[in-house]
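Student: For the record, the sequence lines run as chains A and B.
Just so you know, we're using the numbering used here here: the first sequence kicks off at 1 and counts up by one.
Just so you know, we're using the numbering used here here: the second sequence kicks off at 1 and counts up by one.
Incorrect hints may have been included.
Across the chosen pairs, the derived CB separations fall in these ranges [as the list claims (entries may be wrong)]:
1. Tyr230/A x Asn207/B: 25 to 35 Å
2. Asp284/B x Arg82/A: 19 to 29 Å
3. Glu142/A x Arg290/B: 47 to 57 Å
4. Asp53/B x Gly208/A: 20 to 30 Å
5. Asp116/A x Asp70/B: 49 to 59 Å
6. Arg82/A x Thr288/B: 20 to 30 Å
7. Asn207/B x Glu142/A: 54 to 64 Å
8. Ala148/B x Gly208/A: 46 to 56 Å
9. Asp250/A x Asp421/B: 54 to 64 Å
10. Asp250/A x Thr128/B: 44 to 54 Å
11. Leu149/B x Glu165/A: 33 to 43 Å
12. Arg129/B x Glu142/A: 50 to 60 Å
13. Asp116/A x Asp421/B: 33 to 43 Å
Where chain B lies over chain A, by a calculated footprint (3+ residues, C-beta under 8 Å) [said to hold, decoys possible]:
14. 19–26
15. 37–47
16. 50–63
17. 69–82
18. 108–118
19. 161–167
20. 194–208
These are computed hints drawn from the structure, not numbers from a lab.
Just so you know, even glycine gets a beta-carbon here, dropped at the ideal spot from N, CA and C.
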Amino acid sequence: MTEQMSSKSAAAIDRAKAQGRAALIGYLPAGYPDVQSSIDAGIAMARNGADLIEIGIPYSDPVMDGAVIQAATTEAIANGFRVASVFDVVAGITAATDAAVLVMTYWNPVMRMGVDEFSRRLAEAGGAGLITPDLIPDEAAEWFAASDKYGLDRVFLVAPSSTPERLAMTVEASRGFVYAVSIMGVTGARQSVSSAAEKVVADTHAAGAERVCVGLGVSTADHVREIAAYADGVIVGTALVAAIRDGGVDAVAQLTKNLSAGLGRDTAQAHNTAQA
Amino acid sequence: MVDASTANSEENVADAFLQGGASLRNAPGPYFGSYGGRWMPESLIAALDEVEDTFEKAKADPEFLAQLKDLNKNYSGRPSLLTEAKRFSQHAGGARIFLKREDLNHTGSHKINNVLGQALLAKRMGKTRVIAETGAGQHGVASATAAALLGLECVVYMGAEDCRRQALNVARMQLLGATVVPVTNGSQTLKDAINDALRDWVSNVDNTHYLLGTAAGAHPFPAMVRFFHEVIGEEARAQILEQTGKLPDAVCACIGGGSNAIGIFHSFLDDPSVKIYGFEAGGDGVETGRHAAAITLGRPGVLHGARSYLMQDEDGQTIESHSISAGLDYPSVGPEHSYLADIGRVTYEPITDTEAMDAFRLLCRTEGIIPAIESSHALAGAIKVGKQLTEGKENPADTIIIVNLSGRGDKDVETAAAWFDMLDENGNVKGTTLSTRKPKGPSERSNLEISTEEASEDQN
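Chain B on its own, in the form it takes in the complex (with noise of 0.2 Å):
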């Protein structure tokens, strides 16, 4: 946590900021003080270009953004409610904790709003076929989902040790239609299957749209994935002065990539009463070195496309992040959250696994809610957040704290099972033959071969 004069300064550069009557909001892209751009090959530019033009267009064209509501409502079952945590709250120091329930929508998590978004964009420029990296699953999910509502073609990405790690998402994705590329580059995982659906992109440009599943990457994928990620925050602050009659003392997000984070900081930049946190995977702890804590250690570099902060080696190399959950092991970050941390609207801190598994199985025990990996970061920034928030305070429940509860956490019953030594060593859930391991079919076997061998055709 910052001590308190770190953080009064930063208050003040915020402030200052703020009065000085810029907002915060809407920075269009394509650079965020001297992050973003578009570090990218020629050959992706005018794709890029293609890109951005439509979105322009759609995000003014009233008939583009009904069409966005509609499927916000009646698919994905938005507005996402906004919860107390009555129990939970007893232990951030007795602040009041509202989760935002982005874990309700349909495919689990916040993922949906921006597949939707894009895939409908795909559609308007005339696109047949999407392709999407995925870290844990959730992203490829909701993109063969997307594609498979709106008639796309879909390829996902992932890594081939994270395929291992998510069968069942894998099997999710085939089922809902969509081919699944395993990745054996480099780490195998998210970020080199970014790399692979780079190049499937590159060669493929005419017929294909990328559907980039975080706020990172190039110029105008960070403006265009808050864009679609906005309706969070909107809601969220709708919903916290319906119930509290006042807006929260602080909101709180998990930080990967950083796409449900600037979706619900979003609407609350320009109000300086509210502090905003973003949580990094602190991984083993940041002094280990295995983390994926790019804010709090990284550098600015280049990566997919993006200026941003970094997790590179004194070569340039890029370092491979670590974290327990999938979905935050990425090792930069969306490079508007590099510049909201330049400028101290926003602090960034590390979460450790321990402390993320921590607030996870809490959240379980005093609310009912099993919540993702990734959004267990969140849970965890908040109870220290609450517990220095209310501190000294004689009325601590005057303090209101947003979580974004960014997903639900089916996919982690088997990570949060081995955590808490709940199996025996056959991968059984100890006193029982109920094995949390998939049986892996033949079916699904030739399947991932044959997709390797058709994304490596052109290569030979």
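Just chain A, same shape as in the assembly (with noise of 0.2 Å):
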């Protein structure tokens, strides 16, 4: 993993391991239901024991999402949502709490405004880097320069298909932490954690990975309970956003707080941060 520059990613992580735990990760998409919601909802995911937050940008055809965030997707999109709308969120959230902010994206949105412009602009709001759920490293030469250039991480996936080829390339492509897809399918809250998920990560850090992060069907704090004692962070989508549909932020702050009580630990303490 390309380690030499710092990374907010790895430092929140690291956080949430200097107190014995791993980290959580929530997702919400930017603009659903508006703007000003979004933020909201990232603070108090950020206030209510999440480590990083992972805000989506609503895309036209999102491949790799269930039903539930293609619903709020395309509604945010419906009410008007313009990609550039994402650094204001980031800069919201960055601006009252000091919770690493992600922003995880399908690929065309960032071409279509330009790598580097994308990059800047991401930087300049205080993010911590990109996720990128349809790009690979193989792809991705635009994406190294621009990183590289504006300090963000590169937060790439790794899925039990993978080879052990593309682990290994994938986790030296990868800055921040790597992000392990539990299952082979979309995003989506599941009964059970697949079992494939252990294996992934174990492979995933055999691979060079110090830090690896499991997402995709991950949607109750058992759930959480199971994967903080392999994985260095859990990554919770699906359910915060059906949580942010049915009862708004005060639901996504409650979810937020059962969730963060997987990672076994006071979160009455933890995350208390009013301010950066």
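Mind docking these for me? Both chains are given alone in their own frames, and the hints should help you get the complex.
Tutor: Dropping the structure here:
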């Protein structure tokens, strides 16, 4: 893993590690139901136990997303979401909390704005880096250059289907952490965590990754507890999106608090940070 | 139509390329110039590698090639005919127009070439299930056909809007044993069907092959789909030489994703004397914004795994395409076409719905052939090309044009009847009680609903 550059994501995960626990990473799409709500919900996640915040860019063709996130991002676009608003969301959260804020995006919106321009604006907004579900390192030459130039984290994905060669290559290409998908599938809450997840994490660590976080199908404190036993971080998406859909920012705060209980610590003391 | 100066400069670029000794044929991918590649989730890379590896080995395996050849001949009915359209030619400046009759293949279009090849590969990989996307239903029907023939389970994703427009094809697929899943996401058309097929593939990749229907998507699909359609061009080249003793002056095809086009273009790419034209769906007219002319008005971007020309807004969101032809209603295009456009080897131009339907009617009435509306775009383009190439020529019949008649128009009868004002307000053919709409029976309805539930199960 490329570690010579300082990484906001790595620092956030290491702070959790120093407390003897895994990090909690919460996902919500920007602009759902509106931009201000995204900022408020991001802050609520950070104040209730999330160490890293993942802000998704609503996109017209989200092939890695299940029904809940699709519905939310489609609504955000219908409500007039513009890609540049994601920088306002990132800036709003980083101004109010010390959570590392990553943007999760399909690649075409970044390519359309220009990889360098997008990266510059993300860095200016205080963003930590990008999670890129449909960009593999093989196609990422422009992103390597821009992320190095602006000091951004490159979070690539690994999957149960990744070969040892691809694991090694992806670990080498990543900065911050490596995102291990727990299951062959798309985002969405599931009854149980796939047994494939633990093996992917072990293999990714063995391939040299210092920090491996697990996402896809993680929705309850029990899931969080199970994954926190072997991974450096736990990523929750769909459950939080359903929470903001059904109960707004308060529901996001409550769910984050519940989830962080799975990390095995006292949430009342953790992350009681009202300012950056 | 391009003006003469543009056409000349494009020819010069292509000529220079060809005279440099480089062949444009058999480009192996993953890249065609700066286009193509694999802009795909890591979860699918191993599956793409498996497809690529299986394809490369099969391509070099005489047993596989013999099996494919046998199916093409004894199942699809290849070689397809090359028919001179003498009466139609009179409307194209007098140039001699020859039709490559892919409409005569089993299932009624070129699509069968690709599905037979990929279904054989699926068997080789030990897959028991194939999935496919479909717009008008031609690729879905072809996939269901190949799956039935080879004993594979088949699930076809089709936009809910397209299911309504092409109910008869939904029934055809079901008769062939396939499950049709109506896609209710996004614009409910072809691109959304591909999205859902990709979601299915990533969830079921162990036993499932994604039988992509066009020469687009992630590597190896563009090069592989082209390979299975190359037979169109190979036959056409031999047939035109046999019938006229020379190569054609021009080859015309319609472009949605571009699989029929790349199949017939392939054999002529290295012949500098042959002008090649791809006709995109101009819809209501490219100036209206309601079209599917990705090369004409798009800009490079990534969708469904490939970098190519793409209809997108300022934010990189895909713009919904519009065309009277469901088969051309796709906002991007195969990456090899983007490359051939950039280097000037192939000229890509839009044809409006009106131009296509005029050509549709003309072919019906001059040749007794009802073409697919997709193919009618190529016919309309050929009329323009014929007039242009024969302009000022003493002997227009010296000019020879091949049009890829990629499919037959039976599926389009309702659309055509509505377009030509042949229906009354109840959807019946005027003066009859004959409805072009298939009654919706309760059994089909329940089948569709079950399919939707199954598809969304893992996302709950």
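Student: Evaluate each hint against the coordinates.
Tutor: Hints, one by one, checked against the model:
no., hint, verdict
1, Tyr230/A x Asn207/B: 25 to 35 Å, "28 Å, holds"
2, Asp284/B x Arg82/A: 19 to 29 Å, "27 Å, holds"
3, Glu142/A x Arg290/B: 47 to 57 Å, "33 Å, violated"
4, Asp53/B x Gly208/A: 20 to 30 Å, "26 Å, holds"
5, Asp116/A x Asp70/B: 49 to 59 Å, "54 Å, holds"
6, Arg82/A x Thr288/B: 20 to 30 Å, "24 Å, holds"
7, Asn207/B x Glu142/A: 54 to 64 Å, "36 Å, violated"
8, Ala148/B x Gly208/A: 46 to 56 Å, "48 Å, holds"
9, Asp250/A x Asp421/B: 54 to 64 Å, "58 Å, holds"
10, Asp250/A x Thr128/B: 44 to 54 Å, "48 Å, holds"
11, Leu149/B x Glu165/A: 33 to 43 Å, "37 Å, holds"
12, Arg129/B x Glu142/A: 50 to 60 Å, "37 Å, violated"
13, Asp116/A x Asp421/B: 33 to 43 Å, "54 Å, violated"
14, 19–26, "violated (count 0)"
15, 37–47, "violated (count 0)"
16, 50–63, "holds (count 5)"
17, 69–82, "holds (count 4)"
18, 108–118, "holds (count 6)"
19, 161–167, "holds (count 4)"
20, 194–208, "violated (count 0)"
The earlier numbered hints that this structure contradicts are 3, 7, 12, 13, 14, 15 and 20.
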